[in-house]
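Fit the two chains together into the complex; they arrive one by one in their own frames, and the hints show the way.
These are the residues of each chain, in order.
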Amino acid sequence: MAKSVSLSSKRISFSKRLSLAPLLFWSILLVLTPNALMVVYSLWKSEDGVLKRVMSIDNYIEAFTNPVAISVLTRTIIVALGASTLATLIAYPTAWFVVRRLSKRRLLAVLLVIVPLWISFLIRVYSWKLVLGERGFINSTLLSLGLIDKPLTFMLYSSFAVFLTLTYVAIPFCFVSSYSALERLPNSLLEASADSGATPFQTFRTVIWPLTRQGAAIGFSLALLLSCGDYLTPAMVGGLNGTMFGSLVITQFGLTNNWPLGAAMSVILLLITAMFLAVLARITRTEGTLD
Amino acid sequence: MLDGTKGIYPAVVRFVDVSKRYKDSTSLAVDNVSFEVYPGEFFSILGPSGSGKTSCLRMIAGFEQPTSGQITLENTNLVGVPPHLRNVNTVFQNYALFPHMSIEENVSYPLRMARIKKTEIQQRTKEALLLVEMHEFARRLPHQLSGGQKQRVALARALVGKPKVLLLDEPLGALDLQLRQQMQIKLKDLQREVGITFIYVTHDQGEALSMSNRLAVMSSGRIEQIGTPKDVYFRPKTYFVAGFIGRANLEPGVVEISQGNVVGRWGDFVFPVAKETPLGPCVFSLRHESVNVNGGAGEISAVGVIRDIVFLGDSLEVFVFVNGLTLVAKTQMQIGSDLKIGQDVIVSFKSADVVRVDG
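From first to last, the protein sequence lines stand for chains A and S.
Take 1 as the starting number for the first sequence in my numbering and just add one per residue.
Take 1 as the starting number for the second sequence in my numbering and just add one per residue.
If you are wondering where the hints come from, they were derived from the structure by calculation, not from laboratory data.
Backbone N, C-alpha and C define an ideal beta-carbon position, used for all residues, glycine too.
Certain hints may be false.
[To be verified] With a straight-line Cα cutoff of 20 Å, these simulated SDA-like cross-link-like pairs (lysine to any residue) come out:
id : chain 1 : residue 1 : chain 2 : residue 2
1  : S       : K230      : S       : V255
2  : S       : K126      : S       : N94
3  : S       : K117      : A       : K104
4  : S       : K340      : A       : K104
5  : A       : K104      : S       : K23
[As the list claims (entries may be wrong)] Each pair of labels, with its calculated beta carbon distance range:
id : chain 1 : residue 1 : chain 2 : residue 2 : range
6  : A       : L37       : S       : K23       : 54 to 64 Å
7  : A       : F97       : S       : G195      : 41 to 51 Å
8  : A       : T286      : S       : D17       : 38 to 48 Å
9  : S       : R140      : A       : P200      : 26 to 36 Å
10 : S       : I116      : A       : L290      : 27 to 37 Å
11 : S       : D17       : A       : L277      : 50 to 60 Å
12 : S       : R140      : A       : L111      : 37 to 47 Å
13 : A       : A278      : S       : R140      : 27 to 37 Å
14 : A       : L111      : S       : V310      : 52 to 62 Å
15 : A       : R17       : S       : R140      : 49 to 59 Å
16 : S       : L179      : A       : L37       : 51 to 61 Å
17 : S       : I116      : A       : R101      : 31 to 41 Å
In isolation and in its complexed conformation, chain S is listed as follows (with noise of 0.2 Å):
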């Protein structure tokens, strides 16, 4: 116990340089990695198949042990505490319903390890379902139910035992788009409703941007940003993270002092960029949707030529040649259904949705 961090540290999960290294494996699965997850919050870890965020999941439920580092639980230590001694439960991606009990019984399960008193374990298991609004289907078998069934009732027999933290381990991976969709605006009104924090792994960074307060993205290992959603969308740290969320302008470029001020040369462009931007080469990050053609805001203009329009349905992708680069506008339909491939145009964009990442 560390006692002493405990006001001034409220969170519930904290990760202090874990590492690990898989048997039989060279390489670390989990590398160096630090992170707090506070209170009745949705974090989510986001990244691709290999980054580690299911090796992190796993480490939290009890599943894996670290190779080094630390990892508390409401600052008590977990490293070494078996699955079952840990007050947090798992959603697993591929549901891992008891084939052979009922729903009922698969929700009730929890309740019945712990040895709870008969008519609360009813009681639990009634408001559980009731909550994933599967009390109908009480006494039928797992495999009689749909994908999007068994889901609620895995988060049901998860729930039930009120743990301190709900780890979600690609939940909505095996659903199709619609439910899966549906299954987002759930998921996210009954974290409220319950108020545990879940931990929630994704691949799928269009989930982790609507669902979550913080999100974490994970790449060979380590985490390459931690921030709110919006943060990671229009703040990208890293070149990684730039590329993996979104679609990004990723072009090089140089940051340097022109006539006493720090600015960021970009092909041809120049813009004025914070005084404490590091000087030298790098990468500079822009949106596809913060690049306006033939009009919108934006104090930094050229004209250039378009190369290449591709179209998305609801939008265009115009690919412009302008001052030494090329870059990619998203433009709406409206305002992009009369441009033609060689016309000259008008690039504008904000100097302040210029991010420069780290290569």
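In isolation and in its complexed conformation, chain A is listed as follows (with noise of 0.2 Å):
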């Protein structure tokens, strides 16, 4: 008896590992790979548009000391930080509501939400043109109720009209993602919690948030990562002005032909976001499981 059971678990283990074994192609074949080619190219050179295969930092300490550079990164880690959050915020007690008030028409609720998703992003972004512009929906409804004289311009091409539509795009990722945490807790607990004298706010900060900001934090890292590497919406929204860090790592890979700085640029960019969502994940922790 004992025997076979250890077979048939030895089996188990080697169909797991099998199993497993697509995931690590592809690992490797589209993400290891790319990342690693990245890397070496960032330490590379181009002279006057010349590959020059000879290892040295110099892309770093040129994409470090440029001050537009640096200005334009910590601008694209301020949006994307604060697009991401707004995402959350709105996303996560949307998710609550549609969990919690919402019974038949939950499902509906929640396609209503991803439903952008499927439409092309180069149409959810054009669109804020169309909402933001001079002659957008919200100045013709302003100057239409009197309320303004001449168009407001501030709107568009800014960094606010990067804000606004990251934080758009990013909305149905941050749903997603907060909606499977708190679909997956149980009622029970939320009773439990109310039974023990807790009032609602108390339940939400000692059972609720510890056990759904890991979902939270996953849709966070979704925004931030998309919004972080963005350089559509800040070509066709954010103007002169709007520019991210994006828009440079394109530049280096098409009008300056500079691939080995756009590498490093984006290295940095890969490592700076990285250092954020481990932070991140640090202090969304929750010990212990649902069963």
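See below:
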């Protein structure tokens, strides 16, 4: 009896390992290799558009001593953190409302939140031009109400427009991950907390948040990754003032044809976001598992 | 506050004409239920699933509000009071321990929410853990415990705040048989030790009969009978109670007047019944173990023939056709071992054991 058990458990572990093989294969092919190539590239040099395969950290020094790069990087981080935070602050309570208050129409609500994801990213970003532009929705509404005499121009082509658009783009991601965490939370835990004399706020602080903040953090991370590296949004609604680090990176790969510098800037961005994510994972960690 | 009634009715929990209809439901989950639970009592609500017993408990805890009627805790109104402001605690069927808190943190939770002094919290948490013998596990997390251990922690958490009433929602349902029997004894001891009123909801008649001071039997949202375990077992009032608790012969009969006496006629059996028994057709209930085959006491007796014998391990169920009725007798192995199908036997029982139940 014991023999057969150990045999079958071995077989399971082998088949488990086998089932992980494609994952490993794709990770190596699609994640590890490109990133390794990027790191290697970042250590090479480009002289007048000609690639020189000499190892040096000159690209990093150049990126860190360029005042434009530094200020754009700072702005990128601030805008990305801001957009991710706002998106989470909107999505988490919405997810809570959908999970707790809706029963029959729950699926419909989830569908409505994630339906924008089915539309092209480009179109979603572009549509904000129609909202924020000089003859956009907001301006024409305000004008027709007589609240302003001439169109407001600060909205479009600014960091604010980028921030707003990135927030909008990030909301479905934050919603889905918050939703799945909140939905897994058993009602009996909330009842047990209330039963123990906890006010609704105490229940949120001591039970709901600790058990769902990881879900919120995953949404936040997705939002952060999306907005840190994005170059389409700033190109379309950011204007000159709304340039993001991603825009600088893509310039290196296109206009200036300096791939090594572009790679170095990418590595810098990657490390900075990784750092934020590591800190986030650390502070949102919760021990114990739901049954 | 109904101060005027305080001295007269010492009830801790009182239900007055309580009904509950859930949203989107056409039938009543709880249908005009009234009962009282007295201080220090172990009170059980027994019924099959869907009988409304858990709804009653949840209305005391505050997780549900009654559609109509009145619920009071020590003569103060409970209707509309949110759960966190009620001085009652619940032991949940699935334990509902907070998975991210240690056992100690789980048990101290009600005290921490009440913002009691740190030293007192420590002291009382320790006492509660000692009470359920879980002090050695204080630093563990719930997922590191077995079902029985989680159950004890849930008990400690519910008792630590010294509630007026402890509500238990099928707390032993998820445990295996042996552990369940151990916990029954523990729970009863614990209840005596802490002196807190327990309201215990279960579908298991064994638990209800063995632990309770009194129990209410529920079916389809209504209370069928309230009484001591002995009362409910031996003097069932309704057909449902007689059939649900234990095993009983339930056969139609009639109560009539014969030669100036009120008698019950059951098949061809005729026996005296109490004078105030309502006349007319009815159902009589007689416990399987109250029927004797070839021996035992009982002033009513007749010869019958054995139709079937079912082996139950420690006992036999003997199906006897007698006086136009098929009665089942539960017989000890030693007495019944030489019985055979088709054999003639003398069936006897006490007329006092025959109970008229409402259909």
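A quick look at each hint next to the structure:
1. Restraint check for K230(S) and V255(S): not satisfied, since their Cα atoms lie roughly 25 Å apart, outside the 20 Å limit.
2. With a C-alpha separation of about 23 Å, the suggested pairing of K126(S) with N94(S) is violated against the 20 Å cut-off.
3. Restraint check for K117(S) and K104(A): the C-alpha separation of about 45 Å exceeds 20 Å, so the hint is violated.
4. With a C-alpha separation of about 61 Å, the suggested pair K340(S) and K104(A) falls outside the 20 Å cut-off, and the hint is violated.
5. With a CA separation close to 13 Å, the supplied pair K104(A) and K23(S) stays within the 20 Å bound.
6. Range check, L37(A) to K23(S): about 59 Å between beta-carbon atoms, so the 54 to 64 Å window is met.
7. Between F97(A) and G195(S), the C-beta spacing of about 44 Å keeps the proposed range 41 to 51 Å intact.
8. Remark: the range hint 38 to 48 Å for T286(A) to D17(S) is upheld by a beta-carbon distance near 46 Å.
9. Separated by about 29 Å at the C-beta atoms, R140(S) and P200(A) satisfy the suggested range of 26 to 36 Å.
10. For the hinted restraint 27 to 37 Å between I116(S) and L290(A), the CB-CB distance of approximately 28 Å keeps it satisfied.
11. Between D17(S) and L277(A) the Cβ separation comes to about 59 Å, which falls inside the hinted range of 50 to 60 Å.
12. Evaluation of the 37 to 47 Å hint for R140(S) and L111(A) yields a pass: the beta carbon distance comes to about 42 Å.
13. Checked against the hint of 27 to 37 Å, the C-beta distance between A278(A) and R140(S) comes to roughly 29 Å, which is consistent with it.
14. Distance hint check: the CB atoms of L111(A) and V310(S) are about 57 Å apart, consistent with the given range 52 to 62 Å.
15. Distance hint for R17(A) and R140(S): a CB-CB separation of about 32 Å, inconsistent with the stated range 49 to 59 Å.
16. Range check, L179(S) to L37(A): Cβ separation about 60 Å, and the 51 to 61 Å hint holds.
17. As the Cβ distance of I116(S) to R101(A) is approximately 33 Å, the hint placing it in 31 to 41 Å holds.
When held up to the earlier numbered hints, the structure conflicts with 1, 2, 3, 4 and 15 and fits the remainder.
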